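Use the sequences and the hints to build the structure in full.
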Amino acid sequence: MNRLLPSLPIGALLLGAACAKPPEPGEPLAGLDKAQRDQFDRGKVIFNRVFEPETGLGPLFNAKSCGECHESPVAGGVGEEVEVHATALFPDGFCDPLADLGGFVYQQEVTPALKSALGIDKEPIPAKATAQGRRSSPDILGFGLLDAVPDSEILSYADPDDRNHDGISGRPNRFFDGRLGRFGRKALVPTLKEFNEGAFPVEIGVTVPTVPDEGTIGGQPIPAGVDPLPEPELDADSVALVNAFVRFQAPPSPPKLKGAARRGPELFEKIGCAACHVPRLKTGDSDVKALAHREVAAYTDLLLHDMGPALADICLGLASPSEFRTEPLMGLRFSEKFLHDGRAASIEEAIRLHAGEAAASQGRFAALPQADREALLAFLKVL
Amino acid sequence: MTLFYAVLLVGAAASVAPPSPPAPTPAALAASATLTATVRSVDAQARTMEVVTGVGYALRVVKLSWTAAPTVKAAAAGAEMTQIKRGDLVRVEYVRAPGGNVVKTIEVLPRPAPQGAQ
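Respectively, the protein sequence lines represent chains A and B. The first sequence maps to residues 0 to 382 in numbering that gives the first Met the number 0. The second sequence maps to residues 0 to 117 in numbering that gives the first Met the number 0.
Everything labelled a hint here was simulated from the structure, so no lab data went into it. These numbers were taken from a predicted model, which means no experiment stands behind them. From the three backbone atoms N, C-alpha and C, an ideal C-beta is built for every residue, glycine too. Keep in mind that the hints are not guaranteed to be accurate.
As the list claims (entries may be wrong) - Not close to chain A: a few residues of chain B, all C-beta gaps over 12 angstroms, as computed: (1) A45; (2) V94; (3) R95; (4) P97.
Stated by the list, open to error - Here are the simulated distance ranges between beta carbons: (5) A:S155 x B:L34: 23 to 33 angstroms; (6) A:D32 x B:R95: 36 to 46 angstroms; (7) A:P72 x B:Q82: 47 to 57 angstroms; (8) A:P72 x B:K62: 37 to 47 angstroms; (9) A:R261 x B:A32: 50 to 60 angstroms; (10) A:K33 x B:A45: 53 to 63 angstroms; (11) A:P208 x B:Q82: 29 to 39 angstroms; (12) B:P97 x A:P208: 17 to 27 angstroms; (13) A:D91 x B:A32: 25 to 35 angstroms; (14) A:Q369 x B:P111: 43 to 53 angstroms; (15) B:Q44 x A:S319: 24 to 34 angstroms; (16) B:S40 x A:K33: 50 to 60 angstroms.
Spelled out as structure tokens, the structure:
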């Protein structure tokens with residue numbers, strides 16, 4: 000007994016750690032230090048800050064705050080907003096993001112001052128665009144972990160020439176400077192920091208130190224007096240705090256599988272979903288201990304896959320119109336509409352709309368006995 | 000195309016023998032910049048090009064030009080501006096001058112291999 004006594008506190012600690020309740024949606028990652036927790040809390044305030052023209056909003060925008068589009072069930076969750084993208088694909092295969100004409104995100108709202116000056120209700124899409132795409136607002140919970148996945152991990156799943164003959168040929172997208180992309184529905188953006196910093200001017204019309212200009216109105220300069228605030232409209236410290244908030248968001252807690260859903264993971268593998276929706280990715284080194292060398296149940300390979308002509312819309316970077324990044328399924332439980340543009344009203348409909356490289360898996364899903372289909376759907380609904 | 004090859008800006012300007020460029024002033028040196036971006040358009044005759052760069056979804060087109068003064072960076076023999084095409088990944092060293100961005104050197108970079116192991 001005496002020999003056991005010293006070990007009791009350690010045993011209790013280990014038991015406590017093993018039984019530690021995973022963070023709820025909207026809570027920070029476990030294991031952050033006090034300073035990081037403080038950044039998370041302060042960043043959340045700015046994430047939910049509602050901008051007005053007097054504080055930097057516009058003149059073009061899609062939302063007045065980050066939290067307007069990423070709100071359900073918590074800040075960082077999904078939103079109902081759908082935005083519009085447009086690009087031009089040339090016969091030689093070059094994809095022009097139309098950056099000189101306001102592209103590739105075309106804002107759907109304008110400030111009163113811009114409406115008075117130009118009489119427009121949204122940014123005009125140039126005639127040069129060859130395609131438009133609609134994009135729903137995904138949840139971004141756990142995206143700090145996706146950010147910490149090494150390029151080598153993502154590239155290890157790439158098989159652009161389908162050398163293993165499984166019909167799946169994932170390939171990476173690249174940003175305009177050649178770096179590997181991973182964020183966005185076409186996997187264009189290399190890092191979460193850049194995604195967030197670009198979102199301020201693009202989505203809210205708020206300039207930041209790394210993007211200190213408002214861009215154009217469909218290629219035309221902003222009329223004088225419409226945007227009088229000096230640039231940047233948000234300082235570097237505030238941007239850093241928002242980055243911390245997004246980066247430190249915990250991923251959705253592991254699903255609690257009950258009943259038929261327990262058979263879901265096996266069926267998911269069996270019919271080939273896991274070939275693209277890779278269940279787990281591993282993070283690499285990170286300056287944040289809570290992000291380093293973790294497994295994240297992301298259900299994505301962060302690569303581009305051909306999804307067939309029915310889903311095709313814009314090109315972007317190296318992504319062809321029909322190529323989309325494998326959507327992370329973590330957080331699927333929060334979505335009410337599915338696929339990149341929210342066209343599917345249910346998970347089952349979304350699966351049925353999978354084509355191209357996913358056609359074989361979709362076919363196997365359709366061929367499953369009803370009970371197995373229901374088991375798989377029950378599993379997906381709790382991810 | 001597995002190795003870098005530099006482009007000789009002399010190509011488009013070969014018909015005119017330019018004078019030696021003046022030594023850069025401290026102000027010009029201070030305004031030097033480098034960017035890596037994708038070529039959107041190039042007009043070798045007009046000696047202008049546009050590249051796409053940006054931060055996240057906030058993309059911008061950067062306009063560049065070059066003068067008759069050749070700037071040469073050692074590499075593939077005979078490479079010149081006329082060989083640059085839209086879609087190329089380039090690293091550009093340029094000077095922010097009052098009249099616009101003036102290219103000093105440009106390299107066409109190889110597209111990274113699709114798989115990391117290669």
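Earlier hints that do not hold, by number: Of the numbered hints given earlier, the structure breaks none, since each of them holds.
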